[in-house]
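The chain contents come next:
Number of protein chains: 2
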Amino acid sequence: MRIAIDAMGGDDAPKVVVEGALQAAKEWNDVEIILVGDSVAIEACMTERPANITIQHTTEVIGADDEPVKAVRRKKDSSMVVAGRLVREKKADAMISAGNTGALMTTGLLIVGRIAGIERPALVYIIPTMDGSGVLALDLGANMDATAEHLLQYAIMGSIYRSKVDGIVKPRVALLNVGTEAQKGNELTKTAYPLLEQAPIHFIGNIESRDVLNAQCDVIVCDGFAGNIMLKSLEGAVSALFSTLKQEFTKTLFTKLAAAVLKPGLKAFRKKMDYTEHGAAPLLGIDGLVLKSHGSSNATAIKNAVRQARIAIQSDLVGAISTEISRGK
Amino acid sequence: MRIAIDAMGGDDAPKVVVEGALQAAKEWNDVEIILVGDSVAIEACMTERPANITIQHTTEVIGADDEPVKAVRRKKDSSMVVAGRLVREKKADAMISAGNTGALMTTGLLIVGRIAGIERPALVYIIPTMDGSGVLALDLGANMDATAEHLLQYAIMGSIYRSKVDGIVKPRVALLNVGTEAQKGNELTKTAYPLLEQAPIHFIGNIESRDVLNAQCDVIVCDGFAGNIMLKSLEGAVSALFSTLKQEFTKTLFTKLAAAVLKPGLKAFRKKMDYTEHGAAPLLGIDGLVLKSHGSSNATAIKNAVRQARIAIQSDLVGAISTEISRGK
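In order, the protein sequences belong to chains U and B. Residue numbers -2 to 326, in my numbering, belong to the letters of the first sequence in order. Residue numbers -2 to 326, in my numbering, belong to the letters of the second sequence in order.
One should not assume that every hint holds.
Each pair may be met inside one copy or between any two copies, as identical chains are not told apart.
Only pairs whose alpha carbons sit at most 27 Å apart, straight line, appear in this in silico BS3-like list of lysine-lysine [claimed, not checked]:
1. K269 to K12
2. K181 to K73
3. K87 to K72
4. K264 to K248
5. K67 to K187
6. K253 to K243
7. K67 to K181
8. K268 to K300
9. K23 to K12
10. K72 to K181
Think of the hints as simulated: they come from the structure by calculation, not from any bench.
From just these sequences and the hints, can you work out the full model?
Written out as C-alpha cells, the structure is:
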C-alpha cells in the first residue's frame, strides 16, 4: 500500500515528518511511503535511505496562516495539494498531513472529492476519556450548520470507523445533547433523534457533555459548532486546572516537595488527556483516506498516523462507508 | 423592599431556606422577607422570629421531577407559583427559589411575565474563572433555538446586569464562537456579530470556549444549546480531573502524605471552580426579579441570593433593562 505524506506540514516540518516516515518505513515493509515536498529539504533530513520511501518534489508550501480555499486553489504545486492529487489519481491509498487544518479539509473536498451520497465530510477527533479508551466525536468543525441528515451520516461514518479501525464490535453511538431524554434539545437534535434510532448503528440515545470524559459511548455525533464548543471547553478546563496545580505546587517548600512525589502520576495523566496525543484525525466522507496529524506532532505521532492509515486501508474503511451510504439512498 | 422566598424549593427545604432567610433578615433590616410555603413546616424551622419575616401559607409543592409547564399550570397553590404571583402583583419586589429550574423558568414566563419587547428570557450563570472574577454567561438553556435578535437582547441584558449588580463600569461582552475572527462561526453567530457591533454595549468580539476560564470578558453571549454544552463540558472536565487527582493522591503512602500538604489549596480551588457556589442565577427578561438558587444551596447561599436581589432592586435592574429594550425598538 502507498501512503503519501505531506513532508512540509506541521510546526517542525520537514524534520520530524521525515523522522516519523523513516520509523514507519522500518516498522512496516508492506508500506510504501511517498514523501511530498521540497526534495532538497527532505534529503537533508534523510538519515537513512530505505527502499520503501520515495520523494515527490514540489515547489510550494501552504502555511499555517494561509486562507484555506485560496491557498488550495492557487498553490497547485504545494506539498499538501500534490499529496491530495496522488490520492485522487489512486497513486496513493492515503495521505497524511500535519499542516493547515482548513486547507487540508479543502484539499479533501476539492482535490480528493466526496464519497458519492455524502453531503458533508466531517472532522473527527478521538477525545481522550478517563479510562484511556477515548471516544470518537464528529463533526468538530468541518461544517458549522448541520442538518439532521448530516448528523445521520456522521453517525454511520463514525460507527464504521470505530468498528473497522479500532475493532469495536458494536460501537455505541450517542447524540450530543442538553439532556438524556429523547425529546430534549434544539430543533436539530430533536429531528435527528428518530433518524438515529432507525439507522444501521447501535444508537444509545443522548449524551450530555458533562459525561463525555466518562466514556459512556464510542461515538459522539454533533454539529460542527457544538462539537467545537465542547472540545475547546474540555481543553480549556484541563489546561486551566493544570496551571492552577502548578501554582499550588510551587507555593512553599512543603508543597514543592509534595509536588515532586505526585508529578510522575500527574504527568502521565496530562499526557493521557492531551487530545493531540491521540493519533491523527481522519476526514470522514472523503473518497480517499485523508488523515490530519496535529501541527505539533513529533516523529512518533507521524509514525502512529501511518499505523492508523495502514489499518484503515487494510480494512477498506472508505469502501465500507461508501457501501453503507449508497445502501441508505 | 420585599423579597418572596420559595421555602419549599431545594434539596434541604424548608430547613436551610428558613435558616438563610433568618440570616438575611438579621443582616439587612431594610429587607422584608416573605417565606412562602407550608406554614407548619416553616414554623418548625424558625429558631427566631424577627419582625421583618412573614409567612405566606401554601398547600402545594412543585417537586424536582415535576414536568415544568404542567406543574405550574396545575399547582396554583404551590410555594413557587404563589411567590411568582406576589411578584406579578407587586406585593414582592423579587422572588428566590432553589426549586425545579424548568418550573421556575415557566413561573417567570407564565406567572410573572416577560418585559415588553423581550422575545425570550435567558437563563444566566456566573461561570467561575481562574482569577475568581467570574464571567456571566447567557443563555444557558432557557431557549434552545435562538435567533440573532435574541442574542442581541441577551447581550444588552447581560451587560446591564454586570453594570448594575456587579458594579462593572464598562462590561466587556463577547460572543461565544469557534474562532476569534469576525467571519467565523455558524449562520447564527455570523448574523449576530454585526448586530452586537452596533449595540449599546462594549462588544469585544468572539471568544472561544477554551478561553472562558481565563476571564477575558465579563459577559458571554450564546444560544441556549451551545451555552449548555459549554457549561456542562467545563463542569465535566473539572469533576473528572478531581476524581483523577483523588486516585493519584491515594496511590501510596508517599502520595497520601504529599496530598495532605496540597489538599487545603486544592480544596479552595475546587470551591472556587464550583459554579453552584457563585450565587443565584437571575432569569433575565422577566418583568420582575426572579432568582434561581442551586438545588443544593446551603443557608449561606440563600442569604447571598437575598444580597443579590437587594442590590438588583436598589439599582432597578428590571427597569433599566426595560428602558434599554424599548429604546432599541
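Run through the hints listed earlier and report the numbers of any the structure violates, in increasing order. none
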